[in-house]
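Student: One letter stands for each residue in the lines below.
Number of protein chains: 2
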Amino acid sequence: MITRMSKLFVRTLRDDPADAEIPSHRFLVRAGYIRRVAPGVYAWLPLGLRVLSRVEAIVREEMDAIGAQEVRLPVLLPREPYETTGRWTEYGPNLFRLVDRRGADMLLGPTHEEMFTLMVKDLYSSYKDLPVTLYQIQNKYRDEARPRAGVLRGREFVMKDSYSFDVDDEGLDASYLRHRGAYIRIFDRLGLDYVIVRANAGAMGGSASEEFLAVAENGEDTFVRSPGGYAANVEAVAVPAPEPVPCEDAPAARVVDTPDVPTIDTLVELLNSAHPRPDRPWTAADTLKNVVFMTVTPDGTREPVVIGLPGDRAVDPKRLAVAVQPAEVDDFTDEDFERYPQLVKGYIGPARDGAQFLGAEAPAGVRYLLDPRVVPGTSWATGANERFRHVIGLVAGRDFIADGVGDVAEIREGDPAPDGSGPLSLARGVEMGHIFQLGRKYAEALGLKVLDRNGRLVTVTMGSYGIGVTRAVGMIAEAACDEKGLCWPREVAPFQVQVLATGRGAEIIDRATGIAEALDAAGVPVLLDDRKASPGVKFNDAELLGMPTLVVVGRGLADGVVELRDRASGSRREVGADEAVEQVLAVVRGG
Amino acid sequence: MITRMSKLFVRTLRDDPADAEIPSHRFLVRAGYIRRVAPGVYAWLPLGLRVLSRVEAIVREEMDAIGAQEVRLPVLLPREPYETTGRWTEYGPNLFRLVDRRGADMLLGPTHEEMFTLMVKDLYSSYKDLPVTLYQIQNKYRDEARPRAGVLRGREFVMKDSYSFDVDDEGLDASYLRHRGAYIRIFDRLGLDYVIVRANAGAMGGSASEEFLAVAENGEDTFVRSPGGYAANVEAVAVPAPEPVPCEDAPAARVVDTPDVPTIDTLVELLNSAHPRPDRPWTAADTLKNVVFMTVTPDGTREPVVIGLPGDRAVDPKRLAVAVQPAEVDDFTDEDFERYPQLVKGYIGPARDGAQFLGAEAPAGVRYLLDPRVVPGTSWATGANERFRHVIGLVAGRDFIADGVGDVAEIREGDPAPDGSGPLSLARGVEMGHIFQLGRKYAEALGLKVLDRNGRLVTVTMGSYGIGVTRAVGMIAEAACDEKGLCWPREVAPFQVQVLATGRGAEIIDRATGIAEALDAAGVPVLLDDRKASPGVKFNDAELLGMPTLVVVGRGLADGVVELRDRASGSRREVGADEAVEQVLAVVRGG
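Each protein sequence line maps, in turn, to chains A and B.
Residue numbers for the first sequence follow numbering that gives the first Met the number 0, beginning at 0 and rising by one.
Residue numbers for the second sequence follow numbering that gives the first Met the number 0, beginning at 0 and rising by one.
Calculated from the structure, these hints are not laboratory results.
Be a bit skeptical, because a hint or two may be false.
For identical chains, the list gives no copy identity; a pair is met inside one copy or between any two copies.
[To be verified] 27 Å max Cα-Cα, derived DSS-like pairs, lysine-lysine:
#  : residue 1 : residue 2
1  : Lys440    : Lys317
2  : Lys127    : Lys6
3  : Lys317    : Lys344
4  : Lys127    : Lys448
5  : Lys440    : Lys6
6  : Lys531    : Lys448
7  : Lys6      : Lys448
8  : Lys531    : Lys120
9  : Lys531    : Lys344
10 : Lys483    : Lys6
11 : Lys6      : Lys120
12 : Lys344    : Lys440
13 : Lys127    : Lys531
14 : Lys531    : Lys6
Bear in mind the structure is a predicted one, so any value in this text is a computation, not a measurement.
Make the full structure from the sequences, and use the hints.
Tutor: In structure tokens, the structure reads:
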């Protein structure tokens, strides 16, 4: 059955939606693929649903091919299992919570580790049952603080999530690699330009973890690559600590007056003029910047954290966010400074709870973390915890220590790769998939054990794997559109061909319908623009809608020809009207 | 790819789940098709999901065939549109409500009239755009007071809901009939024994309305049929009022002492002995029973209602529930009787707010409704609103009137059909589908208007149509199972064939695998029981799982034969091992 534009539930819009920041969002709305219903919540109109269903089908095929078994768990879930693993609290405001008519706490599933763990526990009891991999394609819910970019970051979205269960680490490795292979096939078929990078496991816990990022200039994620093959999300880069520096000969630290130095640059300038060093001038890299912020744990507790890092580096907010998980970061306000008078705004120095530094009282209840580059023996100019004064020659390990490492400084173009594989280059991307080895965290918390070969109970080890399905639709649109509209790759296009009848004569409509019906009979999904509209309107709409091949039946028909257009390249050629179907079939099938 | 029992994520259970009241629930859980996650919330395991997907596919095919267009609206919805139509309140505790991180009220969609109305309003503006019919297959949410019977009445369930939009009543009639036809084809294909009955539109508003009920002894719905073709849910039976009776000659009513008559029967006995009638004895049908209960409106307001009906009939709780919608019914407690002293427990008589009856003070704030059979002129024995006293010869219309009609008495076997088509017979069923003409209620509330042929704005008229998809799986299971387990019809079976290797020899396993692979290659979905288990375990499991055809490869193989069994009929026959595939294909394809 051919689909006719005159009947299709779609209306194209001339104007961009007010909230659309990026092309895919703009075009998906304007072309009538999606409609916003609430912040981060979208309706899928017929054209959009066709693309979404194609993507789902590809994901399903590749998951089935690695022996994963499809199930469907509920969206509406009881609190208890998430309470047991701590995620009821850890998810904080990102979790949609509700209370049912009997007063029971429930949630909308953000991801289903708990439920799959319990389901396997319910059914399985022996190593002979394993390995097993289960998956579902299903709505997920996260109450994002900033839903954005249409379906790229929604609060209700479709995700393929799968979970592997193995009796030992080797099994987990194998399950992980099978998923990795399936993901490569999926994203290849979706026609996305993507990279596989090391990832931070985030709130999920676990160890080995990789992300599939679609390369995109406006992507939310930043990743690094080295010539030697290192690739990681900046969130996951662990900066290696250099070797300690000998400091036996280092002079004692001394406090100096530093009035009127509102910035690192003015401090460096003052040091070079008032306290010049004989060997080399002060630079920002010689200063130790101490940044204070507030962490808010999921239960609402606010704790100040100071991070010391070289003055020539900024804190990367996303690396910081990852480092403090499951807590969230909040600003350290002027009221907070009043509450912690030991933290002198603009002059914060290293100081650790319970320790003494240069006579300053260590601020109680403040955690102090140090950038990995601040190794023992390095000497720094830094705040003296006193207004208008800094200290110079302060030696790490000798004059101050930290509560731990705070590896949250920005990663910069040219920084060395952690594995020594050369200088890093930076680019941006959007997370399309995430695979990781959860290990035994959830199985332990929920008691998923099986009998091993020797009759002993062992805890099962798990992997967790996700693909953002609605997000994939957004990213395919984003990657393939041009200034005129969408350009769908064949694998996911809602229709392979759009036939445009651009003229009034009955002959034109009849011929266009005939071509559409012949293509349909040959199994090619085809959209026929049979509307009473001008050729200009039809051309513009066809370019906005983005079917891969356009067949224009118009004035040329008088000379026995119709036009074939390739939407992506814009190339066009005339073919005899009688051979149009054959030619289109060759294009569609030839790829 | 054949599916092997040794790998399939399924475990059969020997024992019935504690909460399972009906066979389908018991078997779906025991056979590993579904698992309960929370009250009324189920997980679909691989076998269950295969059936569910088959049902979804059939529904999709038939909806597409009538030109309905598939979309997918969100589950998580904003409050405003439901506030506008009043359903935010009317749904009462049946609606899952939640508050997002910004404090916005949201809900989980119980059904989507509002959202579809707004979507059509968003896209369409002219009569030329209509008619259009849209549908989705999607999770729905209702916080049922009593989720029961597994997937038959859940709190999270899959529904196909569709909505038609027409410019005039003739269009709506046509859309309605198209749906009716599609539903007939769907339920025929699903192999269900069903009836189409008049229905009450319930909370949806609207007028013409029919239900598709699967006939089932343990069904929640009761329906009636007449020899002349009348069929209705008892909830929708409108009992016609008889003609008024002349009462000019009726004697005046009089109050009589009636101590010690706790029941209608004892009252009738006392009347016959103390106040006999010359023409005929008193019967229960001569008494007017006044039943009091409390209605609770969605905003929580409690209002007493008294219903007067012939003493030989009981109130039907479901007809009552429908009659008071959107209010709910609650018991009238002893405390309530204290609060309304005019309502004398056991002696309630007709009395209407603001009216006088026999000197009794009419109870303020009590609504009084009368059964349609209590027509003007009929004479009754009834409570005198005074302890130990009744009144006889009380004439409707002369001595008392009502605030309205209360058509909530039970319908009985043999009652006349409202349309005069003969005596009614009663049976029970489960609602599988519901189609109804909503009319303009939602379009009016949400401002969905289009320009008509004459350039005037007219309100669109709508139909709303639902099928319980997860419920259909439950009902198919319920209709087709026997004492041993499930018996799937071919159209929805998870696998067409189950091949059992019942023996230890490598030859048996090899031959069973070969047959399974040949069937698979021929496009027949096949499940191979390759487990190391006894023949008894395999037979029992196969009968529990319910694939239509079983192929048993066992001891007979030594003589070159295998056994084919038909699960539903239990018939079995031996065929040559070499011709097994051909024979099975004939069975599967021949139907």
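Student: Hints first: check each against the structure and report whether it holds.
Tutor: Results for each hint:
no.	hint	verdict
1	Lys440 to Lys317	within (24 Å within a copy, 50 Å between copies)
2	Lys127 to Lys6	between (55 Å within a copy, 10 Å between copies)
3	Lys317 to Lys344	within (24 Å within a copy, 71 Å between copies)
4	Lys127 to Lys448	within (12 Å within a copy, 63 Å between copies)
5	Lys440 to Lys6	between (53 Å within a copy, 25 Å between copies)
6	Lys531 to Lys448	between (66 Å within a copy, 22 Å between copies)
7	Lys6 to Lys448	between (56 Å within a copy, 19 Å between copies)
8	Lys531 to Lys120	between (61 Å within a copy, 22 Å between copies)
9	Lys531 to Lys344	neither (69 Å within a copy, 73 Å between copies)
10	Lys483 to Lys6	within (24 Å within a copy, 50 Å between copies)
11	Lys6 to Lys120	between (50 Å within a copy, 16 Å between copies)
12	Lys344 to Lys440	neither (41 Å within a copy, 63 Å between copies)
13	Lys127 to Lys531	between (65 Å within a copy, 11 Å between copies)
14	Lys531 to Lys6	within (12 Å within a copy, 57 Å between copies)
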